[in-house]
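Under my numbering, the sequence shown has 82 at position 82, and the numbering climbs by one with no breaks.
Check the hints yourself; a few may be wrong.
[What the hints assert, rightly or not] Okay, derived cross-link-like pairs now, DSS-like style, lysine-lysine, Cα gap no bigger than 27 Å in a straight line:
(1) Lys50 x Lys6
(2) Lys6 x Lys42
(3) Lys6 x Lys47
Derived by calculation from the structure, the hints in this document are not laboratory data.
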Amino acid sequence: MVQSVKDAGAALSDALNDALRSDAVADIPDEVLQNAMTALVKAYAAKVEKTEQEFAPVDTRLVNATEAVVAACALIRAVDLNMFDVALWFNRPSHTR
1 MVQSVKDAGA ALSDALNDAL RSDAVADIPD EVLQNAMTAL VKAYAAKVEK TEQEFAPVDT
61 RLVNATEAVV AACALIRAVD LNMFDVALWF NRPSHTR
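All chains, full assembly: derive it from the sequences and hints.
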């Protein structure tokens, strides 16, 4: 199962990077990105909770501040959180690597 996740992750990453390079990202159906983001967010949260080891969810050399904030704000809005809720979670002790 781990190998199939690795293979699928590499294929998805390659396809999305190709779409970004060719300026075709607007052609990707919203549902496709939503399904991928949903699975990735759930897997990331589950792994952090299970291992009690937080790690950067993105390659910080490739994602800039604007991209991070756009995605973070969309996630916050999507699950109907407010900044007070986020502040409580942000101040929660983390287990970083």
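Taking the hints in turn, this is what the structure says about them:
1. Lys50 x Lys6: holds (19 Å)
2. Lys6 x Lys42: With a Cα-Cα distance of about 16 Å, the restraint between Lys6 and Lys42 holds, given a limit of 27 Å.
3. Lys6 x Lys47: Given that 27 Å is the threshold and the Cα spacing comes to 15 Å, the pair holds.
Hint compliance for this structure: every hint is met.
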